[in-house]
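Protein chains in written order, with our numbering: chain E, 1 to 416; chain A, 1001 to 1416.
Hints are computed from structural coordinates only; laboratory data are not their basis.
You can trust all of the hints, since none of them are fake.
One-sided excerpt, in silico: chain E residues whose CB lies under 10 Å from chain A:
1) 14
2) 15
3) 55
4) 272
5) 298
6) 300
7) 309
Stretch-level coverage of chain E by chain A, calculated; a stretch enters the list once three of its residues show a Cβ under 8 Å from a Cβ in chain A:
8) 276-286
9) 350-358
C-beta: ideal position from N, C-alpha, C; glycine also.
2 protein chains.
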Amino acid sequence: MRAEIIAIGSELLTPYRLDTNSLYLTDGLNQVGIRVVHKAVVGDSLDDMRASFRQALDRADLVVACGGLGPTDDDRTREAVADLLGRKLELNEGVLRHIQELFRRLGRVMPEINRRQAMVPEGATVIPNPRGSAPGLWIETRGHIVILLPGVPAELRAMFEQEIRPRLTRLGHDERLFTRDLRITGLPESEVEQRVSPLYALYPDTETTILASPPGIQLHPRVWSRDPAQANQILDEMVKRMALALGEHLYSTDGEAMEEVVARALTENRATIAVAESCTGGLLAERLTNIPGSSVYFLGGVVCYSNELKSSLVDVPAELIESKGAVSPEVALALADGIRKRTGATIGVGVTGIAGPGGGTPEKPVGLVHIGIADERGPRERRFQFPGDRERIRMHASQTALDSVRRYFLFPRGRT
Amino acid sequence: MRAEIIAIGSELLTPYRLDTNSLYLTDGLNQVGIRVVHKAVVGDSLDDMRASFRQALDRADLVVACGGLGPTDDDRTREAVADLLGRKLELNEGVLRHIQELFRRLGRVMPEINRRQAMVPEGATVIPNPRGSAPGLWIETRGHIVILLPGVPAELRAMFEQEIRPRLTRLGHDERLFTRDLRITGLPESEVEQRVSPLYALYPDTETTILASPPGIQLHPRVWSRDPAQANQILDEMVKRMALALGEHLYSTDGEAMEEVVARALTENRATIAVAESCTGGLLAERLTNIPGSSVYFLGGVVCYSNELKSSLVDVPAELIESKGAVSPEVALALADGIRKRTGATIGVGVTGIAGPGGGTPEKPVGLVHIGIADERGPRERRFQFPGDRERIRMHASQTALDSVRRYFLFPRGRT
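Excised from the complex, chain E in its bound form (with noise of 0.2 Å):
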């Protein structure tokens, strides 16, 4: 079965807006072994809406539209595909009565011009909007299908949940999409497609999609199976193919953050975290606290932007940051054993580097970055050197922070 999905707006047309919902609803549709061929963004001309829906059913076996279903002249929706349709707009006292009631409870009259959302195309099912006062549209023509959605994401995302998709489901398409999300770290895209691609002749039924998403690299294998345990094995056996050319660098399989392997890793550890950072500037203490209950394995952070505060908070020696420099691998020890001392956490990171625009001198230029690890037998350190602009480098910085971390548990012997 194939689909195409019309976001339907105005908005959709200016540089401002895009279009999210196609990423859930194509996710969705996937599942349930529909293929989306084809995506039209559409303003609110009536004209332009006629074509792009006539367009969309030669095209597709199912056509699923979200936007302009609202109260006010530019939601046309409904009025584009009645006409197209050649089917009358009728209003719909159940569906009256509960946008109605949705005012009521608001302690307000339904205003005059939301009785708009209470038309329906003849022979169309009404969907339930269990958030809202725009209801959804199921309308069956000719062996196609013509879904109508809210654009509000939490609207459409409940009633494609709760009625969308057990509709398709039941629809009973034999073939489902089987996926997998690798997640990689510290290696380029072109070296990534090197080590995975000769697996493809191995696995003709499969394919994989490679997504660069700095800071890593994903990898999205999918076979579409009538046999869920054909399809599941034939993409365990290339994951587990996949798993033994990345090495370490693949960190993991089932499309979880870097922040949540590392969570993980602390927790069954038992272990506390602290961290000193400098060029990250808040953003390695950002992301380990981004996953609730937290507060369980990390402990809190110092970002020491000024030299002084490498001093007073975390104790290195100004000697030292004299002598050395803020960003060497020196300071970034101190930085790592001094957090780690000052909160008596299992491990200490510190971080020091030169995140630019401004900042960079031959021997040490915008992009190096230093990186301590600390635990109760002394810190050790690594250096890097990462591309882009002040943006990219922090976010290579602090997951390579969050990976050398996650390498401190998968390497106990200590290699980080």
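Use these hints to put chain A onto chain E, whose structure you have.
What follows is chain A alone, placed relative to chain E:
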């Protein structure tokens, strides 16, 4: 002049990747007087591509397509367009030499497959690609223009700026789009709408998009005009009235981020800042240091997740935490004052709250955040209750903390 943008590539029909080039292209086209009326995303199939280009040429005067110009079998944009327009593909010697030269500079011989990139439809103008091997193409056909560009954003942008924009400008559309970008914080979307919508009727030639972009609201008034002076006058006047309606909640009229506004206030006042944050977990420091040159005003920060660190690094009395709780006005005040005194900064900011999902109580629910600001006259504090999940709450809290610094300088008498 009406334009359609076509993004080409099967990966853009997966749940993993969005076409983002179209935002950049829309902005560029609008600036030279061209409206985007439709966007499409199509996979690598020749049939689908031909159909999309045919429909786009029906709909629009100008079609800009990106992607599918690489050297592999999947890259079929050249073929689809040549085929649709009934033109032969011919080897272009100049393009071939450029590609060979690119490889030579890398110390390699051009692989045979890259010859495909030198195939050009009869009568097309080659748009040089200074950053890669895929040349762009400009094809005029029966009063329409088709522009083919590579999908790699850096290549596409360089080619648009250097070649496409000047060519489109020379076509001489009198009308151009003029816009403003207003940023608002601390008001919900409906309240912003209510305050500014009465102005719409006063400026009937303008159109305004309102955009909820958590943690704030954006307003984009725009006008198409042949007369730059008149357009700017209309927008300036409209923005002035909007500013009156929005009051202190408007923090930027030119799209400046909150971080930048705060950076400017600190720099202009020759002030320095230091932060002690708990529930924002480093996000406040991260945003302050996201700005190049922030080391001039940002001294440092402490992410004190544990109560011990609140005392040992920021001198919050342990008894105070014990008696009032870590999330309390008193601790926010002590954090702000403590970090200021520790670092010698002009201004200290303290943030403590409950980001959730756990840790809430009926008295102190998830979303409760206290923000303290201290200067040499002592600290002040405000209490907020933010909606949403952990990420939203942290984003709101960091935004409001930055806004408190902005207001500190806006109202020197001390109203924060």
